[in-house]
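Once you've looked at the hints, dock chain B against the given chain A.
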Amino acid sequence: MSANRRHPACDDGVVHFRPRRKRAQRELTSLTLNLAPMVDVVFLLLIFFISTTTFERAEGLLAAQLPKQGSFADSIALPISPIIVHLEQTGPGPTDYSMRIENFVDHPTTFSELSKFLKGVQGNPGFDDETPVVLKTAFQVKWDHVVGCWNAAVAAGCKHVSFGVE
Amino acid sequence: MASKKRYHPRPSLTFNMAPMIDVVFLLIIFFVLVSTFASAERIAMELPRPDHSQAINVKLTDRVIINVQLVSPDSPETSGVAYSLGPNRPQSLAVISERLMQHKRVVSDLKVVIRADRRVQYGDVREVMEIVAEHGIQMMNIVAYVGDAGPNS
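Quick note, the sequences are listed as chains A and B, same order.
Heads up: the first sequence begins at 3 in this note's numbering, then just goes up one per residue.
Heads up: the second sequence begins at 17 in this note's numbering, then just goes up one per residue.
Among the hints, a few may not be true.
Label pairs and their computed distance ranges (CB to CB) [unchecked claim]:
no. : chain 1 : residue 1 : chain 2 : residue 2 : range
1   : A       : Ser53     : B       : Asn73     : 37 to 47 angstroms
2   : A       : Ser83     : B       : Arg105    : 17 to 27 angstroms
3   : B       : Val39     : A       : Thr56     : 18 to 28 angstroms
4   : B       : Tyr23     : A       : Leu48     : 40 to 50 angstroms
5   : B       : His68     : A       : Glu132    : 32 to 42 angstroms
6   : B       : Ile37     : A       : Thr97     : 45 to 55 angstroms
7   : A       : His109    : B       : Val48     : 22 to 32 angstroms
8   : B       : Glu143    : A       : Glu132    : 26 to 36 angstroms
Just so you know, these hints were derived from the structure itself, not from any lab.
No experiment lies behind these values; they were computed from the predicted model shown.
Even glycine gets a Cβ: it sits at the ideal position worked out from N, Cα and C.
Bound conformation, chain A alone (with noise of 0.2 angstroms):
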């Protein structure tokens, strides 16, 4: 054997020892994920999403029963005596509006007085969550006073609310 043809990693004339699995290893062409063009979309969407998402509040619906036919004003059959809560703005402010029950003494100044107020009433003789509730409304008063009076009469658990004509 010619003493030209050594092994090139045997320069210092030493042979060494290499296990085949090594030399195996060496020899295999890398097998790594290209990231590149999945980091590409991800950030496509990222910026997609952070671009064009405003965070809003969640709406819901307060369902409401109108009458059957022909004119709002005259077509509200009550059955039984109901609870009728007229309801005016006295200002421009938040909470300028004022509640009146009729044939009640008391008369609750918040939507949560007249929560509390519906649901006491659904106690008494002759009352209960079948109760029709009349809102009575004058056309001055701020939409979202009307609202808060519908929505303290579900709150309350009656089952029938319905508007009226002040």
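Here is chain B on its own, set in the frame of chain A:
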């Protein structure tokens, strides 16, 4: 004597992207789960925010949305009111009534959802209610914010 050469590979200067990808994926998953695409029918306005709101988040089928909004929201006291059916531009109540009648012919149990700005007067919404009632539509729904009242209430 030949010098002893040893092969020392240079340390690779690659950027470790794994933590960054973790965070980015976390953000993507958050946005995908949280996002709901807003409907064009829901015109931006300040909705009523009652205390302890009983409003429930339900998806109605066969419904039309009537928006009642302020023409100039910056001056609500002097502003007029604009009505619109769904995503359309503001229309007169007569046109809305006509459209409502057409919808009612196609869908017998049509439901109406009224989205009114919290600062409009009851009288303005009342006109819509009267139109809805005239067409024999019984199911009306009022839109309000879900949950407890906000800080501005």
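Structure-based check of each hint:
One distance hint, 37 to 47 angstroms for the beta-carbon pair Ser53(A) and Asn73(B), is violated here, with the actual separation near 26 angstroms. For the pair Ser83(A) and Arg105(B), the beta carbons lie near 46 angstroms from each other, so the given range of 17 to 27 angstroms is not met. The hinted range of 18 to 28 angstroms is satisfied by Val39(B) and Thr56(A), whose Cβ atoms lie roughly 22 angstroms apart. The beta-carbon spacing between Tyr23(B) and Leu48(A), approximately 42 angstroms, falls within the hinted interval of 40 to 50 angstroms.
In this structure the hint that His68(B) and Glu132(A) lie 32 to 42 angstroms apart at CB is violated, the actual value being about 22 angstroms. Distance hint check: the CB atoms of Ile37(B) and Thr97(A) are about 52 angstroms apart, consistent with the given range 45 to 55 angstroms. Under the hint 22 to 32 angstroms, the C-beta atoms of His109(A) and Val48(B), about 51 angstroms apart, miss the expected range. Against the hinted window of 26 to 36 angstroms, the Cβ-Cβ separation of Glu143(B) and Glu132(A) comes to about 30 angstroms, which satisfies the hint.
Hints 1, 2, 5 and 7 from the earlier list are contradicted by this structure; the remaining hints agree with it.
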